[in-house]
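Participant: Since each chain comes alone in its own frame, lean on the hints to assemble the complex.
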Amino acid sequence: AAGVIQSPRHLIKEKRETATLKCYPIPRHDTVYWYQQGPGQDPQFLISFYEKMQSDKGSIPDRFSAQQFSDYHSELNMSSLELGDSALYFCASSLAPGQGKRETQYFGPGTRLLVL
Amino acid sequence: SQQGEEDPQALSIQEGENATMNCSYKTSINNLQWYRQNSGRGLVHLILIRSNEREKHSGRLRVTLDTSKKSSSLLITASRAADTASYFCATDVRDSSYKLIFGSGTRLLVRP
Chain A
1 AAGVIQSPRH LIKEKRETAT LKCYPIPRHD TVYWYQQGPG QDPQFLISFY EKMQSDKGSI
61 PDRFSAQQFS DYHSELNMSS LELGDSALYF CASSLAPGQG KRETQYFGPG TRLLVL
Chain B
1 SQQGEEDPQA LSIQEGENAT MNCSYKTSIN NLQWYRQNSG RGLVHLILIR SNEREKHSGR
61 LRVTLDTSKK SSSLLITASR AADTASYFCA TDVRDSSYKL IFGSGTRLLV RP
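Which chain is which? The protein sequence lines are A and B, in order.
According to our numbering, the residues represented by the first sequence are 1 to 116, in order.
According to our numbering, the residues represented by the second sequence are 1 to 112, in order.
Bound conformation, chain B alone (with noise of 0.2 Å):
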């Protein structure tokens, strides 16, 4: 990856439990996005994390950012069948053009 690695690089879990995938990065950055890409189909946006945040929900996901660290979390809460992509982070980095550069990806499977 050309900016950092998503851990694990796979999941597998029971539909009603927690999922949680990490990702680093290297660089500097404006903001951190997280997409959602069920197999070889579009990209979604799940939701994005400014630099100046740590902190971000919506409806059952949960985001963390800690820029110390260079890393961030995406917490799925009460997991569903549905839920099962593969979900990448991306950062949008200091620079003038507003590029992304996406993580490595976790592939999470959750078992009914």
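One chain only, chain A, in its complex shape (with noise of 0.2 Å):
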């Protein structure tokens, strides 16, 4: 079965530059989550879109912006990198309306951003 996609799985950048994380949803999957995980902590909701639209948003820094495009694909934009950054960045996908219980999130393998 088709699992959630980011892409790149691992990434190096240095403090003020820029990365974008991207995460392809399970097919017919509509909502979208990102998640922020530090090293041995646990995961923090960052953002989420439904149908294209931002939902809901949590401790997301203001150098952080995402969307959510046509085809449910989505775009985690990181700018003025800090060290602080460095964490495993995963997207969660879950069912549409009206095909069984969209409560389930299924997680993508995650982005691992380093910050030099």
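These aren't lab readings, by the way, just hints derived from the structure by calculation.
Given the structure is predicted, the values throughout are model-derived calculations rather than measurements.
Computed cross-link-like contacts, DSSO-like style, restricted to lysine-lysine with a CA-CA straight-line distance of at most 27 Å:
| id | chain 1 | residue 1 | chain 2 | residue 2 |
| --- | --- | --- | --- | --- |
| 1 | A | Lys57 | B | Lys70 |
| 2 | A | Lys57 | A | Lys15 |
| 3 | B | Lys56 | B | Lys69 |
| 4 | B | Lys56 | B | Lys70 |
| 5 | B | Lys26 | A | Lys57 |
| 6 | B | Lys26 | B | Lys70 |
Covered stretches of chain A, going by a simulated chain B footprint (3 or more residues, C-beta under 8 Å):
| id | region |
| --- | --- |
| 7 | 44-51 |
| 8 | 54-62 |
| 9 | 86-94 |
| 10 | 106-112 |
Simulated restraints, written as ranges between beta carbons of each label pair:
| id | chain 1 | residue 1 | chain 2 | residue 2 | range |
| --- | --- | --- | --- | --- | --- |
| 11 | A | Asn77 | B | Ala10 | 29 to 39 Å |
| 12 | A | Asp56 | B | Gly59 | 24 to 34 Å |
| 13 | A | Glu103 | B | Glu17 | 23 to 33 Å |
| 14 | B | Ala78 | A | Ser86 | 31 to 41 Å |
| 15 | B | Gly16 | A | Gly40 | 22 to 32 Å |
| 16 | B | Ser73 | A | Lys13 | 33 to 43 Å |
| 17 | B | Ser97 | A | Pro61 | 12 to 22 Å |
Glycine included, each C-beta is placed from N, C-alpha and C at the ideal position.
Facilitator: Okay, structure coming up:
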């Protein structure tokens, strides 16, 4: 079965650079969530999109922005990177209404970002 | 953690033994989910229990939920070395979004 795809899997950036992380949800999933997991920490919700509109926002810095496109893939844009942004960034997707319980979120493998 | 705590933080058991992990949360929830994460890798969904359910089984997994105590437990029976991972509970709180709020996780080591 198709899973959530994230790219790139690994990314190394310098401080103050920008980074773009991409997420391709499971086919027919219309909702995408982004989470950040720092070293040794639990995942923390950043932002979510439903039908290409932002549906919720968590502890996402103003330096970060995200959007969901017409094909439902999503991109997380991170600017003025700081050392503390080094983390594992997960994307998750959930089912469209009417196709089963939409509460279950299926996670991608994550993008490991290292800021030097 | 934003929502609650898991205990123990780390658990080491012998293969074949049962492992029990507990999770507590703070707010009213729609459901509670358990995820597994192998070292630094993706989160794998294990099981979802709704707020009106008390117990759920899936293979070697048994999850209980006590909404009056705002707590849940995950039991893995007849553990295997391959069960070694971190286990997180995540709650889907009663608001308009379905975002998950994760507990701090339990690191399970199953010794062969």
